Structure formats: C-alpha cells, structure tokens
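For the sequence shown, this note's numbering gives the first residue as 1, with consecutive numbering after it.
Hints may contain errors.
[Stated by the list, open to error] Pairs of lysine to aspartate or glutamate, DMTMM-like flavour, derived with a Cα cap of 25 angstroms:
1. Lys-31 to Asp-64
2. Lys-31 to Asp-60
3. Lys-31 to Glu-121
4. Lys-85 to Asp-68
These are calculated hints, taken from the structure and not from any lab test. None of the values given here were measured: they were computed from a predicted structure.
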Amino acid sequence: MIGLCLGLAGSLWAQLPVRHFTLAWNHSIEKIRWEEDYRVSTEGLVLHEARVRGNGAGMDIPDDARLDNGSWHFQPRLPPQQPLKLGRTPEAGDYQLCIEGDCQSMSQWVGAPTSAQPFIELWSCEIAG
C-alpha cells in the first residue's frame with residue numbers, strides 16, 4: 001500500500017496510510033491561511049489544488065484563480081514532489097495535515113517544530129499493510 005512518509009534526509013519519523021491529504025498553514029508574516037490538496041502517487045506527491053484567503057508577501061494570486069467562498073482557488077502546475085521539503089520552525093508555527101476533513105497539527109506525528117530541526121520532508125512511500 002502506498003502512503004505518506006514524514007522525516008528528513010532519509011530518516012523516517014512517521015508513516016500515514018493515506019492516498020489524499022491537505023497541507024494547511026498560516027503565512028508567517030501575513031497570518032493568512034493557505035491550503036494545498038495533494039494526491040499520493042508512486043511518482044510522488046501531486047498537488048491538485050491550492051487555496052488562499054488573500055494575498056501578501058510572497059503570496060501572489062495567479063491570474064486564473066477563482067474566488068469561491070472567501071478563498072482564491074487555483075491549480076498549480078508542478079511535477080510530482082518527491083520529496084516535498086517544508087520549512088518548520090517554532091517562530092513560523094506548525095503545519096496542519098488534514099485527512100478526510102480532520103485537521104491535526106503535524107506535531108501530532110513528528111513532535112513540535114524546533115530551531116535545531118528547521119525542516120521536514122514529506123514523500124510517497126510503500127507502507128506494509
């Protein structure tokens with residue numbers, strides 16, 4: 001079974017048996033929520049759709065985005081990410097992983113963000129089932 005792995009530099013910290021998830025966070029400067037929907041595939045993490053509630057520093061809304069229920073929705077055109085590397089520090093706050101509509105802090109699976117470990121990687125992996 002394919003799933004989502006979390007860790008860094010090849011070191012596995014957690015495995016989640018999911019095929020789809022949403023990565024969500026609040027922009028560290030603008031404090032605006034950002035959400036990205038991913039599909040887990042053998043090629044990597046495929047970004048299907050992104051949503052943001054406004055624009056600001058480093059948060060340009062693409063020209064083809066549509067406004068729906070207070071958020072700008074758009075489909076970034078990126079190749080599968082394998083791994084997806086995320087900055088994660090106490091100052092910036094934590095990411096949320098949302099699975100089937102249930103959002104939990106990433107720290108639930110890998111501990112709180114620390115300055116000594118300012119990154120995390122997410123990738124698709126085989127999970128023994």
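Cross-check of the supplied hints:
Restraint check for Lys-31 and Asp-64: the C-alpha separation of about 23 angstroms stays at or below 25 angstroms, so the hint holds. For the proposed pair Lys-31 and Asp-60, the alpha carbon gap of about 15 angstroms is at most 25 angstroms, so the pair holds. Distance restraint check for Lys-31 and Glu-121: the Cα-Cα separation of roughly 23 angstroms lies within the 25 angstroms cut-off, and the hinted pair is therefore satisfied. Simply put, Lys-85 and Asp-68 have alpha-carbon atoms about 29 angstroms apart, too far for the 25 angstroms limit, and the pair is violated.
Hint violations for this structure: number 4 only, all remaining hints satisfied.
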